[in-house]
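Asks: Residues per chain, in single letters:
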Amino acid sequence: MRLGIAEALRKAIHDEMARDENVFCIGEDIGIPGGYGGAFTVTLGLEKDFRERIIDTPISEIGIFGAACGAALMGMRPIADVQYGDFLLCAMDQIVDQIAKIRYMSGGKLTMPVVMRAPVGVTGRGSQHAQCLEPYFMSCPGIKIVAPSTAYDAMGLLRSAVRDDDPVLMFEHKLLYGSKGIRAESGTVDASSEIPDEDYTVPIGRGIVRREGEDVTIIANLLMMHFSLTAAEMLEGEGISCEVIDPRTLWPLDLDLILQSVRKTGRVVIVEESPKQGGLGAEIGMQVCEHIPDYLLAPVARVAAPNTPAPFAPVLEKLYIPQPERIADTVRNMLVEY
Amino acid sequence: MKHNETMKDLGKDALKGMLRRMHEIRQFEEKIRFLFLEGKMPGTVHQYIGMEACAVGVCTALEEKDVIASTHRPHGHAIARGVSMDSIMGELYGKTTGCCGGKGGSMHVGDLERGMLPAIAIVGGNLPIVMGMGLAFKIRKEPRVAVSFFGDGASNEGAFHEALNMAAVYGVPALFVCENNRYGASTSVKRVMNIEHVSDRAAAYGMRGDMADGMDVIDVYTHALDAAARARKGDGPTLLELETFRLCGHSRRDPNNYMTDEEKKYWQKRDPIPSFETLLKEGKYMTDAEIKDLREAVEMSVDKAIQFGQQSPEPDPEALYQGLYVSMEVPR
Numbered sequence: 001m002r003l004g005i006a007e008a009l010r011k012a013i014h015d016e017m018a019r020d021e022n023v024f025c026i027g028e029d030i031g032i033p034g035g036y037g038g039a040f041t042v043t044l045g046l047e048k049d050f051r052e053r054i055i056d057t058p059i060s061e062i063g064i065f066g067a068a069c070g071a072a073l074m075g076m077r078p079i080a081d082v083q084y085g086d087f088l089l090c091a092m093d094q095i096v097d098q099i100a101k102i103r104y105m106s107g108g109k110l111t112m113p114v115v116m117r118a119p120v121g122v123t124g125r126g127s128q129h130a131q132c133l134e135p136y137f138m139s140c141p142g143i144k145i146v147a148p149s150t151a152y153d154a155m156g157l158l159r160s161a162v163r164d165d166d167p168v169l170m171f172e173h174k175l176l177y178g179s180k181g182i183r184a185e186s187g188t189v190d191a192s193s194e195i196p197d198e199d200y201t202v203p204i205g206r207g208i209v210r211r212e213g214e215d216v217t218i219i220a221n222l223l224m225m226h227f228s229l230t231a232a233e234m235l236e237g238e239g240i241s242c243e244v245i246d247p248r249t250l251w252p253l254d255l256d257l258i259l260q261s262v263r264k265t266g267r268v269v270i271v272e273e274s275p276k277q278g279g280l281g282a283e284i285g286m287q288v289c290e291h292i293p294d295y296l297l298a299p300v301a302r303v304a305a306p307n308t309p310a311p312f313a314p315v316l317e318k319l320y321i322p323q324p325e326r327i328a329d330t331v332r333n334m335l336v337e338y
Numbered sequence: 001m002k003h004n005e006t007m008k009d010l011g012k013d014a015l016k017g018m019l020r021r022m023h024e025i026r027q028f029e030e031k032i033r034f035l036f037l038e039g040k041m042p043g044t045v046h047q048y049i050g051m052e053a054c055a056v057g058v059c060t061a062l063e064e065k066d067v068i069a070s071t072h073r074p075h076g077h078a079i080a081r082g083v084s085m086d087s088i089m090g091e092l093y094g095k096t097t098g099c100c101g102g103k104g105g106s107m108h109v110g111d112l113e114r115g116m117l118p119a120i121a122i123v124g125g126n127l128p129i130v131m132g133m134g135l136a137f138k139i140r141k142e143p144r145v146a147v148s149f150f151g152d153g154a155s156n157e158g159a160f161h162e163a164l165n166m167a168a169v170y171g172v173p174a175l176f177v178c179e180n181n182r183y184g185a186s187t188s189v190k191r192v193m194n195i196e197h198v199s200d201r202a203a204a205y206g207m208r209g210d211m212a213d214g215m216d217v218i219d220v221y222t223h224a225l226d227a228a229a230r231a232r233k234g235d236g237p238t239l240l241e242l243e244t245f246r247l248c249g250h251s252r253r254d255p256n257n258y259m260t261d262e263e264k265k266y267w268q269k270r271d272p273i274p275s276f277e278t279l280l281k282e283g284k285y286m287t288d289a290e291i292k293d294l295r296e297a298v299e300m301s302v303d304k305a306i307q308f309g310q311q312s313p314e315p316d317p318e319a320l321y322q323g324l325y326v327s328m329e330v331p332r
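Respectively, the protein sequence lines represent chains U and C. Residue 105 in my numbering is what sits at position 105 of the first sequence, and the numbering runs on without skipping anything. Residue 156 in my numbering is what sits at position 156 of the second sequence, and the numbering runs on without skipping anything.
Take these hints with a grain of salt, some might be off.
Heads up, incomplete: computed chain C residues facing chain U, CB under 10 Å, no partners named [said to hold, decoys possible]:
1) T96
2) D111
3) P128
4) F137
5) E142
6) P143
7) A159
8) H161
9) M166
10) M259
11) E262
12) I291
Sample of chain C residues lacking proximity to chain U, with all beta carbon distances greater than 12 Å (derived) [claimed, not checked]:
13) K31
14) L35
15) L62
16) E63
17) K141
18) S148
19) E157
20) T222
21) C248
22) G249
23) Q322
24) Y325
Don't read these hints as lab results, they were simulated from the structure. Please read these numbers as outputs of a predicted model, since none were measured by experiment. Note that the Cβ used here is the ideal one computed from N, Cα and C, for glycine as well.
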């Protein structure tokens, strides 16, 4: 069966709720009959089977994550979502001070099996419905972070996240959902996968090589992973062989996989849709430098959004998001110089 | 006599237990104040002196399966809920015997096995969590009540608004206990609130609001019991305001110069411990000699707890990396 990410997540959530009665969903507009099933249709129709476990909330992000935290402490397994990742910032105390820290502060006695879902990506909505927040949470010990770029991974990682006893934050990309109907996105990239019938999982903490190559390692997640594959295809015609790694989990990073690849290629480019300052590239690049400096044939390169908020004007937005051409240029320059 | 019927219902043992808890809190707080000033205790402390009737009155009204959540001023709630003084003291000293293994400290004492979440030290932070605990009880149809203790200051946080609104909308079995001690650190409520009572805010959520005398342990108990019973049978949450006062500083060396002498004197006269003792004597539940014995027994147990805390082992350096995740090691 071929599914898009929204459909795959919907099926995974449905199956997990059927499997374990402690699993419930909480969020805005997620189960209103005649509504959207969340901002991007992920929970569409689930209320028909699980009326008491699809909890529609007021517009209260502190309340959503506080409720998830409290319910998890009492043994439930909440899946809490926000309509746009940017709204996580309204709930930072509950996420960072409470959900991430309570187990540690309790001396390891308590567990916090919370799944948090947040759509990210710069998509024609201006600055406040756009931010890719992965780096914010990578500096927050206590939370695991996953970011699926295919429907197969979305389903497998969602299952792993729900079954994990630690808090897991899942970033999803608006242009990868494949949402349909009135919630369809323009500029969508196909991230659908053939989904097996069996109850598979994708383990948290494992990345994947999306494309094998010899000359340079490109590390990218979500939409940037797809753009990097496009760039790699463009470069193949020029005789440049790129290995593309999708970390899938951003914390804990699959450092073994990354280092193994960079040992082989000696060159690494990290691509991210968030600003360069304090970003994904800073963390991954520094890890590479710390662990295998002698293998590097070239300085680590980063392709990122500028150190500004996302602009609205379509012409500026296109400049803001790293495009496949920019990724390819960075690789070309690296190979010319080193 | 005041509270005659309620005290009769509670009976001598329960009443004596309540007084004992109040003395435990008072002596615990007074002794650690000196230990702190002498530089013998690490960290910081926020003390509960004067507010003992609030924690003890509410906790006496609860059942074993109920869960409370507290604030940066949690010692009183922990003692009232039955977390052992030894394990609280161990926590204050950052020792392995602490109720959080030394990882929490003064502002995070608690033990869920004793019905108290490790305290939440962000003002207002526990209210949404308590709403969520209540939601879990409601989804599972468990006859349990979730209780949030918070101060007047927390009622000005956004978290208060979101938590109370959602608690009311879902009708969760929760009790939001506002200990209005008139000051958020050094700031008088009069400067930061344009209404007289925090409980008036309940109306904004379509929630039941109630008030009790936070210096009168039996009055607190009576109102808390009523609110807990309503929550337990599905009648939804209550915002219960307790009028109380800190007969001590906000934290550490605070001499409360922002309070007037007149105000301090007024509340000092309403100290909840002597007034409860008077009630117990008038009702012939306890004699002066019994009260003196109780005080001395408490003093011994507090001294024992201090010794326990001081003599307990320090955490192993490896503990730094332990207890964060269930299913993975901390990447180094």
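Asks: Hints first: check each against the structure and report whether it holds.
Replies: Results of checking the hints against the structure:
1. Residue-level restraint check for T96(C) holds (minimum Cβ-Cβ distance to chain U is 9 Å; threshold 10 Å).
2. Because the closest C-beta pair between D111(C) and chain U is about 8 Å apart, less than 10 Å, the hint holds.
3. Checking P128(C) against chain U by beta carbon gives a least distance of about 2 Å; that is within 10 Å, so the hint holds.
4. Restraint check, F137(C) versus chain U: the minimum CB separation of about 7 Å is within 10 Å; hint holds.
5. For E142(C), the interface hint holds, the least distance from its beta-carbon to any beta-carbon of chain U being 9 Å, beneath 10 Å.
6. Given hint, P143(C) at the interface with chain U, is violated; its Cβ is 14 Å from that chain's nearest Cβ, farther than 10 Å.
7. The interface hint given for A159(C) is met, as the beta carbon of that residue sits about 5 Å from the closest beta carbon of chain U, less than 10 Å.
8. Hint status for H161(C): holds, given a least beta-carbon distance of 8 Å to chain U, under 10 Å.
9. A hinted interface residue such as M166(C) counts as satisfied when its beta carbon comes closer than 10 Å to some beta carbon of chain U; here the least separation is about 4 Å, so the hint holds.
10. For M259(C), the interface hint is violated, the least distance from its beta-carbon to any beta-carbon of chain U being 29 Å, above 10 Å.
11. For E262(C), the interface hint is violated, since its Cβ never comes within 10 Å of a Cβ in chain U; the closest pair sits about 37 Å apart.
12. The beta carbon of I291(C) is not positioned within 10 Å of any beta carbon in chain U (closest approach about 36 Å), and the interface hint is therefore violated.
13. Distance check for K31(C) against chain U: the nearest CB is about 24 Å away, which clears 12 Å, and the non-interface claim stands.
14. Residue-level check passed: L35(C) sits 22 Å from the nearest beta carbon of chain U, beyond 12 Å.
15. The non-interface label for L62(C) is consistent with chain U: the shortest C-beta to C-beta separation is roughly 15 Å, beyond 12 Å.
16. With a cut of 12 Å on Cβ distances, E63(C) stays outside the contact zone with chain U, its closest approach being about 15 Å.
17. Some Cβ of chain U comes within 12 Å of the Cβ of K141(C); the nearest lies about 10 Å off, and the non-interface call is violated.
18. The Cβ of S148(C) sits about 10 Å from the closest Cβ of chain U, inside the 12 Å cut-off, so the non-interface label is violated.
19. Not every CB of chain U is more than 12 Å from the CB of E157(C) (nearest about 9 Å), against its label as outside the interface.
20. For T222(C), the requirement that its beta carbon stay farther than 12 Å from each beta carbon of chain U is met, with the minimum near 27 Å.
21. The Cβ of C248(C) sits about 25 Å from the closest Cβ of chain U, beyond the 12 Å cut-off, so the non-interface label holds.
22. Annotated as non-interface, G249(C) keeps its C-beta farther than 12 Å from every C-beta of chain U; the closest such distance is 25 Å.
23. Not every Cβ of chain U is farther than 12 Å from the Cβ of Q322(C); the closest lies at roughly 6 Å, contradicting the non-interface assignment.
24. The Cβ of Y325(C) sits about 5 Å from the closest Cβ of chain U, inside the 12 Å cut-off, so the non-interface label is violated.
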